[in-house]
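One line per chain: the protein sequences are Y and B, in this order. Just so we're on the same page, my numbering is the position in the first sequence counted from 1, plus 394. So in my numbering, spot 146 of the second sequence is number 136, and the numbers just go up one at a time.
The hints are simulated quantities; they were obtained by calculation from the structure and are not laboratory data. These numbers were taken from a predicted model, which means no experiment stands behind them. Watch out, some of these pointers could steer you wrong.
No more than 27 Å apart at the CA atoms, straight line, and that leaves these computed lysine-lysine pairs for BS3-like [as the list claims (entries may be wrong)]: (1) B:74 with Y:526; (2) Y:535 with B:74; (3) Y:398 with Y:469; (4) Y:526 with B:163; (5) Y:469 with Y:526; (6) B:151 with B:163; (7) B:207 with B:197; (8) B:74 with B:42; (9) B:151 with B:197.
Counterexamples of contact, computed for chain Y against chain B with all Cβ distances above 12 Å [as the list claims (entries may be wrong)]: (10) 400; (11) 419; (12) 422; (13) 469; (14) 507; (15) 508; (16) 516.
Pulled from the structure, derived: some chain Y residues nowhere near chain B, Cβ distances all over 10 Å [claimed, not checked]: (17) 427; (18) 442; (19) 472; (20) 517.
All residues carry an ideal CB built from backbone N, CA and C; glycine is no exception.
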Amino acid sequence: MKTKIRIATTSLAGCFGCHMSLLDLDERLIPLAELIEFDRSPLTDIEHCTNCDIGLIEGGVCNSENVHVLREFRKNCKILVAVGACAITGGLPAMRNFIPLEECLTEAYIDGIGVENAQIPNDPELPLLLDKVRPLHEVVKIDYFLPGCPPSADVFWAFLNDLIAGREPSLPYECVHYD
Amino acid sequence: MTKTIRIDGNTIPFEEGQTIIEAATAAGIYIPHLCHHPEFTPHGSCKLCTVKVNGRNCSACTFPAMEGQEILNDSQELQADRQKLTQMLFVEGNHFCPSCEKTGNCQLQAVAYHLNMLDNHFPHFYAQRELDASHAEVMIDHNRCIFCTLCVRASHEHDHKNVFAISGRGINKQLIVNAESGLLKDTDLEATDLAAHICPTGAILIKHTAYQVPIGKRIYDHQHIDQVSLALEQTDEN
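The shape of chain B in the complex, shown without the other chains:
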């Protein structure tokens, strides 16, 4: 007999070993997320995929699906929590969408749109962060890094390199690169690496491509992130 869980009252099947987000994606249910990617080991850091499992908050990207789970995903309370988390991501870094070339293609922005986030609510940090434009084809704008570690995982698990890591703790943590100089140009990163393309924000950008697609014709200008994300991740799983 197929094992099942219930998400927002809908019974969905799962396979042994699947996480809640994997089972949900396979069933066409979107759970907001930024640090989750079906191809890589879950990290559970952004907490946007927080769902209520039998009354307790859990990260859907790390929590295994188990028989009999009663899960809340699309509730007003969880969406409000997710909006607050997204606002914290915005004020912790320096996210000036009008001057960012990732605008319209940015998952952070698209999740915020999805959550109907109209303001940043909290006081802004205006943190002093650096820019690394040393590499000929790829640049890092630390102002927009949300420490999701997707570049770290993609570099390890897909590109079989070791270009990125997160260093430090709490408010002092930062994205670092594997070079004595600390500069991207002295790493073995290539523009064709998945790690150079996987950033959900505008922190890692491919140079010379910025406005090839004009604002207004970008991914999330007319499509919701739930549709885009499900379409991509259901293909990834097959």
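One chain only, chain Y, in its complex shape:
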């Protein structure tokens, strides 16, 4: 049997919209499943990725855990792909970059409407927030970028088919959107 292409996916500071868009491949998932298998992903129960061909990462980097996961992906994936607006520009979460972190936390956990027993969460198990949300390419080397909020299923289809066939991936004009 031919070895399947091993793909890991994760969402960092994202909304899982890009994962939903991947699932929008619908019936095309069936022929795709003949060629690929999932390693670490919200679709499996694998906690750490190992020896993957492709890593698809949605969302930017907003906390220390995101940094660790991103580095683990970089270490274990031959090809690392920034998927969607947040992974590429920081996106919506990066709009907090213009407000000091302390003000963000105070607004959410102290002064917010309907907050009871107000306190800023500081359990040692919680990953610390970074001062700014960053796109992936500012933290590790990224090999390919799939723009869009989210990238359409056609983008995933075009990109994965190119990669699996051993072609240099390229996105046709109608697949390039930032919104």
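Take the given structure of chain Y and dock chain B to it, following the hints.
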């Protein structure tokens, strides 16, 4: 005898006094640009229209067409340079397309699509920029200003007003308005002024119109900027 220049090997005619971009547009050749507008004095600031004239880089919007010019426009090298320039425009401001009401109608975005720009490449500045929503009908989001000065020129040359200017230099430059308070509401700008409509990005917006045309049905959702731009600018020239 008609005077001619050659662009990417094609011989095209020009009239004395035309710039390279004017001659190209008249001949149906698109040269990417953001700060150029056929109606106004050229500014030459965005540099996207950079072409190679007899081996040297020149801005097509300011450089006069001259007999015997051998011009490169659609080369891999120039397109790569233009993509880098566009990426710099994106990281210098705060261009979050999914949350911008100009998305799909935005020339900055459309040029980036045209250049097949898939990422911003450079580290983001996340510059601290202000929003001026003081005016009843028009707003300025400084996060998206690329300093093309089209609003400045349109206000001077078309509206015969003096609403906008660029102040400061380098990274500290900013779009300012002609009012002691610094607020748009205290200027004589009206929503019908061309200056309020000419912004190639989402920096100057007409209020209460944001999502009248849904995303997916906007200008550049299905049309390329080269076709849109040529159709508009060839009409302007006639």
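### Message
I'd like to know which numbered hints this structure contradicts. Please list them from smallest to largest.
### Response
none
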